[in-house]
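Engineer: Residue numbers (the numbering used here), protein chains in the order written: chain E, 9 to 484; chain P, -6 to 90.
Hints listed in this document are in silico derivations from the structure and should not be mistaken for laboratory results. One should not assume that every hint holds.
Below, a list of computed lysine-lysine pairs in the DSSO-like style, where the Cα atoms sit at most 30 Å apart [to be verified]: (1) Lys93/E x Lys77/P; (2) Lys99/E x Lys5/P; (3) Lys340/E x Lys63/P.
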Amino acid sequence: MKFEELSLIELVKLLQEQKVSSVEVTKYFIERIKEKQNLNAVLEVYDDAIEQAEKADEKIKNGFKGKLAGVPVIIKDNILFKGKKASCSSKFLENYVAQYNSTVVEKMLNEGAVIIGRANMDEFAMGSSTENSAFGPTLNALDPTRVPGGSSGGSACAVAAGLCPVSLGTDTGGSIRQPASYNGIVGIKPTYGRVSRYGVVAFASSIEQVGPLTKNVKDNAYMLGVLSGGSEHDETSLKIEVPDFLSQIKGDIKGIKVGVLKEVEEMVKGLDVEKTYHSVIDFLKANGAEIVYSSIPDFALTLPCYYIIAPAEATSNLGRFDGVKYSRRSPKATNVDEIYLKSRSEGFGKEVKRRIMLGNFVLSSGYFDAYYNKAKKLQQKLKIEAGKVFSKCDVIVLPTTTGVAFKLGAKSNDPIAMYKEDLFTILANILGAPALSLPCGKNEEGLPYGIQIIANSLNEGMAYNVADYIEKGYRG
Amino acid sequence: MEKTKVTIEEVKRLAGLSSLEFSEEELKSFIPEFENMLELVDQVKNCDVSDVEVKYTSHKLAQLREDCAKDSLPQEEILLNSPKTKKGSFCVPKMLD
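Kindly produce the complete structure, drawing on both the sequences and the hints.
Structural biologist: Dropping the structure here:
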């Protein structure tokens, strides 16, 4: 049986009915990871993966009905799994071993998941192409001459290439949705706080979230149900009841109000994605959705707002990597100051250093009010503007990216061009709202475009419903 | 809007704040890069936010847990990731003579 052709939900059913064993499925995917090693999507297959699968099979035989019983999962390299390395694809944390489980890992294990390995990423999640990994770039699953997007490029490539049925990524400015788009799969950044960040190495704490990457929308809704829920260790996680996201997929969009932003209409002009974007809106309209023309006047400022808030928080979060407590210490250091200086200088890659420097700039005396304070106020203003849109609309539809995956190396020497990759995705992080990307249509080379559905906070179900409808009916 | 200029002294000051060391060449290469980045982020400067109150709290639904002592991770496990430890402590070179 070709397990990579099954959906997550189909695989769960086969495992629960004991028609296949977890060991069989796990071995199959590990074999595929080996076959597709050239993609460099997976940094490590855990040596106890088969052992985990054997235990899962034993539990299933004894009547265990966990939602992920026996299912192989790959996690991004910044998510802690006790006893396993979590390097954030950085030389600095190359040998860091997690001493506790992140909440998301704990939740997956409770449901019987077999966590088989960790996926490559841009170092400390800073990047949009996975070319910033200290362990070499990941390739696009559909075209190995192109980037898989980032920073969750390894996680997205792994699902798209059929190396696992589901993976986890993190999204600070588009790091789940953009790689999902580039690899032709589905990814969601949930509402801020929906999923606990406990045990996930922090980059920009106030805007980032963990989320699932899957082959289709229903699998994604199923998986988010497993990951959601608060943690007592994470004050920013929401201790509220988790809805059944799957049951919110109704198969109907009649009367749903779809927001189309004036600013986006302007921005897409001349972009590769323009035609697809308009045809998706037309499709929704033709199938009974009501199109509501709206505006977020400061939309264009989301990018600069993000590139102030994110580096500022990153600078603070990465302060803990001092060569004393974690993993790496420079052998050249002879005193304490040199431990800090040399360990950091040798351990961090270029993009990480660039963002630390920028963060210190916007936070430093004389600039704090002009940049950081202003950006935080702007964030608030954007929330007010978006609130007005959501008072009239159920979802906002916009592109995920400006076009299809770009060639490896095409933007690696131009940080600003790379930052503009996040043009359409940052809004949801700034708002804390849930946003999903799904593949919609292809270009003449067969590479997928991604369309994004943003819903109001805590309304992931609405985004899933609209996305599922597009997935089933839209033919670009 | 006039482009914000960055000096080598400014770059050196930031490197110091960041606990990062760079070669002279790398420091110089930061100047145009920084000026380009500032051109991007400077866009927020012109935005009128006078009527907006800044909010630093992350979520209105966030809750605090009960303030009671609980077991934390064992000391020996925490120290496992440190490059050098001694008698249950992080170890660094001598700081005082």
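Engineer: Hint by hint, note whether the structure agrees.
Structural biologist: To see whether the hints hold, each was checked on the structure:
1. Lys93/E x Lys77/P: 18 Å, holds
2. Lys99/E x Lys5/P: Holds, at about 24 Å.
3. Lys340/E x Lys63/P: Cα-Cα ~40 Å, so violated.
Checked against the numbered hints given earlier, the structure breaks only hint 3 and satisfies all the rest.
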